[in-house]
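Novice: Sequence:
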Amino acid sequence: MIKLSEENPVMAGSSAHTVLRLFYENGPASQMEIARKLRITKAASNQHFSRLIEENYITESAVQPNPRGRPSQVWQIDSARNFFLGLTVEDGALGAVLTDFSENVLIRANRHLHDRADQTALLKLLDDLLKTILNKISKLGGRLLQCFAAIPGMIDQEGLITNCPNFHALDGLNLDQLLAERYSIPVFSDACSNAYIAAECRNISQDSTIMILNWSDGIGLSVICNGVPLQWPAVNVKRFRGLWDFSHIRIVKEGRLCHCGKRGCLEAYYGGNALVELNPELHVSSAEELANAVINDAAGARRVVSEAAAALAEQLYWVIELFGIDTVIFSGTLASAFEYYHRAFCDRLKSFYTDEEFAVFSIRQGDPSPENIQLGAALVAKNFFFYPQRLRNSRGIWNKTGKLNPLSK
1 MIKLSEENPV MAGSSAHTVL RLFYENGPAS QMEIARKLRI TKAASNQHFS RLIEENYITE
61 SAVQPNPRGR PSQVWQIDSA RNFFLGLTVE DGALGAVLTD FSENVLIRAN RHLHDRADQT
121 ALLKLLDDLL KTILNKISKL GGRLLQCFAA IPGMIDQEGL ITNCPNFHAL DGLNLDQLLA
181 ERYSIPVFSD ACSNAYIAAE CRNISQDSTI MILNWSDGIG LSVICNGVPL QWPAVNVKRF
241 RGLWDFSHIR IVKEGRLCHC GKRGCLEAYY GGNALVELNP ELHVSSAEEL ANAVINDAAG
301 ARRVVSEAAA ALAEQLYWVI ELFGIDTVIF SGTLASAFEY YHRAFCDRLK SFYTDEEFAV
361 FSIRQGDPSP ENIQLGAALV AKNFFFYPQR LRNSRGIWNK TGKLNPLSK
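Using the UniProt record's numbering, you'd call the opening residue of the sequence shown number 1 and step up by one each time.
Any given hint could be a false lead.
Unchecked claim - Below 30 Å or equal to it, Euclidean Cα-Cα: the simulated DSBU-like pairs (lysine-lysine) are: (1) K136 - K124; (2) K139 - K124; (3) K350 - K253.
Since the hints were derived computationally from the structure, they do not count as laboratory data.
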């Protein structure tokens, strides 16, 4: 197999990889068309094409007629033999989806973890899950080009998971290294917000400025402007940069203990787990059960979640105003109950605007189904395969010490 780079065992950074990326960006093309884009002769491109054909990265597409000479062979990426894997860890479950280059789903697999702090059990389930996926790849006679692992927590620049407030079994793991060593899988791990962005924004105009609110066990926030997530390069400081850690902004000094280890976080009062813990009269034990209780209007659950939604609108106003948000998408576990708290959120947000100003907003329910988020993770894997530096530059917090929970004090 062609070596692309240290982190991606195919061909990143090589000329063959550049040719493959041109096929990805432009679709089927003849060798001469690719050579022109590279500003080299067709003969000079022979070695790149030979390698790509031999390794089954590209395959024949059609023959292009040429009235003035010999017809040209048109080539395209071999979608049937090159795959991407999305891994998700959400709501107590491991999920995976394998897709081809055309985003066709080849296999889905899910495993439930009963104790979210049991790392031994997690690794056993992960082993079973990946063996299922790798067996499918073997049967299809293909290769896995890239995997993206969506992490619901804090991760440093080297890929060490430092703190997953609602899934502590992941703490201390480096899935990039672990899966490469055990299964020879090229993996890049980063915040799960990347998967949500890819999943939720596929069919939205790039002219929009979008906020995705992932309301599940905790609260995740992403802002996307003109199709580009607002992310900041990670630097050698002990603080997170950017909006993805918005839910751990302190709103009460010396307040309620958050699952992240800090006190007074927004998530400690309005995250799904917090609402469960603060309202024992609802008789629910998880964000999923809370969402179902809202839908069924059990024990006043709609009132509790509607009040929380109104409070979130007030906390989010400055972000919406500062970045010129025009579209708010509710995703995550509690999005399934969106219709029951939608009015409360809108009414509180509207209190900051005139009727004319508020009319420009689109506030809607997303598709937070595991299937959609897993597909989003696979789309991130494909994007990372071709443009690794874009994601790598903004991953995580600097953490050379290797200590866990860097923000817990």
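Novice: Evaluate each hint against the coordinates.
Specialist: Against the structure, the hints:
1. Proximity of K136 to K124 is assessed by CA-CA distance (about 19 Å); at most 30 Å being required, the pair is judged to hold.
2. Between K139 and K124, the direct Cα distance comes to roughly 23 Å. Compliance with the 30 Å bound is thereby established for this hinted pair.
3. Restraint check: the Cα-Cα separation between K350 and K253 comes to about 28 Å, which is no more than 30 Å; the hinted pair holds.
Of the numbered hints given earlier, the model fails none.
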